[in-house]
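Protein sequences appear in the order of chains D and V. The opening residue of the first sequence carries number 1 in the working numbering; numbering runs sequentially from there. The opening residue of the second sequence carries number 1001 in the working numbering; numbering runs sequentially from there.
There may be inaccurate statements among the hints.
[To be verified] Beta-carbon label-pair distances, calculated as ranges: (1) V:A1182 x D:P112: 56 to 64 Å; (2) D:V68 x V:D1179: 28 to 36 Å; (3) D:V68 x V:R1210: 18 to 26 Å; (4) D:G214 x V:D1179: 52 to 60 Å.
[What the hints assert, rightly or not] Which bits of chain V does chain D cover? Going by a derived footprint, with three or more residues having C-beta under 8 Å, they are: (5) 1172-1186; (6) 1192-1206.
[What the hints assert, rightly or not] Here are the simulated BS3-like cross-link-like pairs (lysine-lysine), alpha carbons at most 25 Å apart as the crow flies: (7) D:K218 x D:K8; (8) D:K124 x V:K1186; (9) V:K1189 x D:K124.
No wet-lab data here; the hints were simulated from the structure. Note that CB positions come from ideal geometry on N, CA and C, so glycine has one too.
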Amino acid sequence: MATEEEQKRLGAVVSGSLTQGVEVRLDASISVEDMAVGRYVAIEGTKHRFFGMITDVSLETVDPNVAVTPPDVSDPFIAQVINGTTTYGKLEVLPMLTIGGDAASILEGPQPAKTVPAHFSTVKLASQRDVEVVFGAEDEKRFYVGTPLDMETKVCLDVAEFVKRSNGVFGKSGTGKTFLTRLLLVGMLQKNAAVSLVFDMHSEYGWEGKTEKGYKVKGLKQLFPSKVAIFTLDEESSKRRRVNTDVVVRIGYNEIEPEDVELLRQTLNLTEASTQTIYQLAREFGDSKWLETVLNLNEEDGKQLISRLNIHDSTYRNLRRGLENLRRFSFLVPHTRENSVQRILDYLDRGINVILEFGRFDDFAAYILVANLLSRRIYARYRENAEREMGGEVAPSRPLVITIEEAHRFLNPELSSHTIFGRIAREMRKYNVTLLVIDQRPSGIDAEVMSQLGTKITCLLDDERDLDSVLTGTSGKSELKSVLSKLETKQQALIFGHAVPMPVVIKTREYGTAESYRELGFLDAAELKKKTQKDIEDLWA
Amino acid sequence: MDIEQAKSQKPKTKNHSERRIGEVIKASSAEFAAQCYKLDEAPPLGCLVKTEGKPGEIYGVVYDVETQSLEPGRRVVARGEKLDSKDEVFAANPQLSRLLSTDFKVMVVGEVEGKSRHYYLPPTPAAIHSFVYVCQPEEVRGFTESLDFLSLLINAKILVPVDEVIASCLRNASLTHPDSNAFLVKAGKELARMLSNDINRLNSVLKRLR
Chain D
1 MATEEEQKRL GAVVSGSLTQ GVEVRLDASI SVEDMAVGRY VAIEGTKHRF FGMITDVSLE
61 TVDPNVAVTP PDVSDPFIAQ VINGTTTYGK LEVLPMLTIG GDAASILEGP QPAKTVPAHF
121 STVKLASQRD VEVVFGAEDE KRFYVGTPLD METKVCLDVA EFVKRSNGVF GKSGTGKTFL
181 TRLLLVGMLQ KNAAVSLVFD MHSEYGWEGK TEKGYKVKGL KQLFPSKVAI FTLDEESSKR
241 RRVNTDVVVR IGYNEIEPED VELLRQTLNL TEASTQTIYQ LAREFGDSKW LETVLNLNEE
301 DGKQLISRLN IHDSTYRNLR RGLENLRRFS FLVPHTRENS VQRILDYLDR GINVILEFGR
361 FDDFAAYILV ANLLSRRIYA RYRENAEREM GGEVAPSRPL VITIEEAHRF LNPELSSHTI
421 FGRIAREMRK YNVTLLVIDQ RPSGIDAEVM SQLGTKITCL LDDERDLDSV LTGTSGKSEL
481 KSVLSKLETK QQALIFGHAV PMPVVIKTRE YGTAESYREL GFLDAAELKK KTQKDIEDLW
541 A
Chain V
1001 MDIEQAKSQK PKTKNHSERR IGEVIKASSA EFAAQCYKLD EAPPLGCLVK TEGKPGEIYG
1061 VVYDVETQSL EPGRRVVARG EKLDSKDEVF AANPQLSRLL STDFKVMVVG EVEGKSRHYY
1121 LPPTPAAIHS FVYVCQPEEV RGFTESLDFL SLLINAKILV PVDEVIASCL RNASLTHPDS
1181 NAFLVKAGKE LARMLSNDIN RLNSVLKRLR
């Protein structure tokens, strides 16, 4: 049942256009102060019902002289009379969807608005029912991510659609990107839409994270122990944090290819010439042996090498210095007994989500190196599998979502064409691998990649360039911009794109309380025991 | 026959509680003038009065009250120099009440026919010698439920400041409504809409509504 509040008339449409949005004159009884950008309204047109979002609120007067000789509003009577007549509030509303109308359109569901409501159509706050019709109820495909502002209705994300394309989570530092991402990961896991591989730079998704106030929140492994595996690069860090890790990842020198080092050019402070030299060395010693060989060269051999390959001395020094830096990464070893990529793939094939913790190696060099190296191989395997599938040999592989943080380091215009992530973002779902990029500086990401992201979820951003970059190619850009820059710093996000029928500002779903865990599907020890008991009984019954 | 006598002998109004105060002595489509039966007992400025018309009753708002000598050539002169009060002047000169008359002018604002109210000028003006009554509170309340009559008032071209008339009319009418403040706010808003292009005039009318 809709409450009285929602039924309340706000005003009437007085002018506007589809591209600019319609103007709504507020009734005198409605205070502009009760309005908020990002709220939903329903407009009762003569033939359709429109669903739109408030994008601006303004104060208007019928006569410019009012501002010059303002009425004596200290008199409450005059203030009351003036309100809504001489001075009035105005809303800018962007009509986004049309709901219902004839039987056919009810079956099709909400459709993008292709026209505007007629003059003086009544505007009301959207009812809970309207929102439910638009965003759907929670079911096996839809995951509840939050509630619209000032409403109790659930906004659900179509996870199956979500994972079909690469997506982005953006927002300034401290606006809740990590919480949102954690929720999205839970959503994908819960709805079995995809398996995730998370490159967890700050080790906060796997076992345990912290809120800004210092409370601990459970990570994915604690909530879904059987569906999540924690891999670590830094076993000691994991032990200190008392995290039960499943696999310790070691990467052999033989696994590092020239491209991997090229990506680290900036972090390792390599010159252009040195990076070219890497390829030369790789040709000389082979892709799998070059790094080990170069790192083990002594002074004398080095001199011989550079004279033989005609490498400039300073270039060689620069390269050696850079490569020596790699030695501080204890996860890099000359030889590994086991193949980390294969281990990750084994888990992923079984539908177990993999979270790779970086422990103390939370610098960009290690992150870029490992994330790129592993993803490239995993992607190659998926690609192979996809091709075999086309040949009818194998079943399609489970969709994989790779989560990367600080994405602008991989996907900036210089690097995005070199890294595997650039390719994944562009080639999208052909091979069942998509990205979930998390970043606080979206303007640093290549525009081409940004334009390929299916669904964008953004918390507060206030830099003009970041706003522009996130909203590129979105209809109603300037209107959304005003909404986006007015988000609160906590627990609020704007979702728009492929997985939602229209842009929506949400108050993010609660995460971190015992109740929220239970809602997400977490069973505590006692319940788990009970469930196991019941499963056993069912089995033998 | 004396007017006083006529009134006492024949109080044949439709309703005994109705207050008859005068007769139409001059009429046009948009306004009429009436003479009071008693000197200085004209209805107040802005008062809603009615008179019979065809087919219904013509409603109007009193906008000007004037007391003067009946004979245009004969000026009223001061007579009370040696007397203590105005009443003594009349007691000493009993002919005075016959030589002076109080007239009032009424702007026509609508017509009421049975239960239907029309806020526009009636097709025919009031007939001469039609009786003029002060509207009863319930009639005022009924007539002012809609504020459409304000548009006739606001555009009137008269010698008296029309805003004063509007303000006192609304003040009077507000007393007949159960929530007089709400009525004034409603009327104020109507005025604000009508005077949207003249904010100074609106301000001054609104100040007079209190």
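Quiz item: Given the hinted pair K218 (chain D) and K8 (chain D), is their alpha-carbon gap at most 25 Å?
Solution: 42 Å, violated
Quiz prompt | Outcome, coverage of the stretch 1192-1206 of chain V by chain D - at least 3 residues whose beta-carbon is closer than 8 Å to one in that chain | solution = holds (count 10)
Quiz item: Does the structure keep K1189 (chain V) and K124 (chain D) at a Cα separation of 25 Å or less?
Solution: Status holds; Cα separation ~23 Å.
Self-check item: Pairwise beta carbon distance, G214 (chain D) to D1179 (chain V), judged against the given window 52 to 60 Å
Solution: Because 56 Å falls inside the window, the suggested range holds.
Self-check item: Cβ contact check, 8 Å cutoff: the stretch 1172-1186 of chain V against chain D, three residues minimum
Solution: Our answer is that it holds, as 3 residues pass the Cβ test (under 8 Å) against chain D, meeting three.
Exercise. Check the following: the C-beta atoms of A1182 (chain V) and P112 (chain D) are separated by a distance inside 56 to 64 Å.
Key: 44 Å, violated
Quiz item: Could one say that the CB atoms of V68 (chain D) and D1179 (chain V) fall in the range 28 to 36 Å?
Solution: At roughly 34 Å between Cβ atoms, D1179 (chain V) and V68 (chain D) fall inside 28 to 36 Å, so the hint holds.
Quiz item: Taking 18 to 26 Å as the hint, is the beta-carbon distance of V68 (chain D) and R1210 (chain V) inside that range?
Solution: For V68 (chain D) and R1210 (chain V) the Cβ distance comes to about 24 Å; the hint holds.
Quiz item: Are the Cα atoms of K124 (chain D) and K1186 (chain V) separated by 25 Å or less?
Solution: 23 Å, holds
Violated hints for the displayed structure, listed by number in ascending order: 1, 7.
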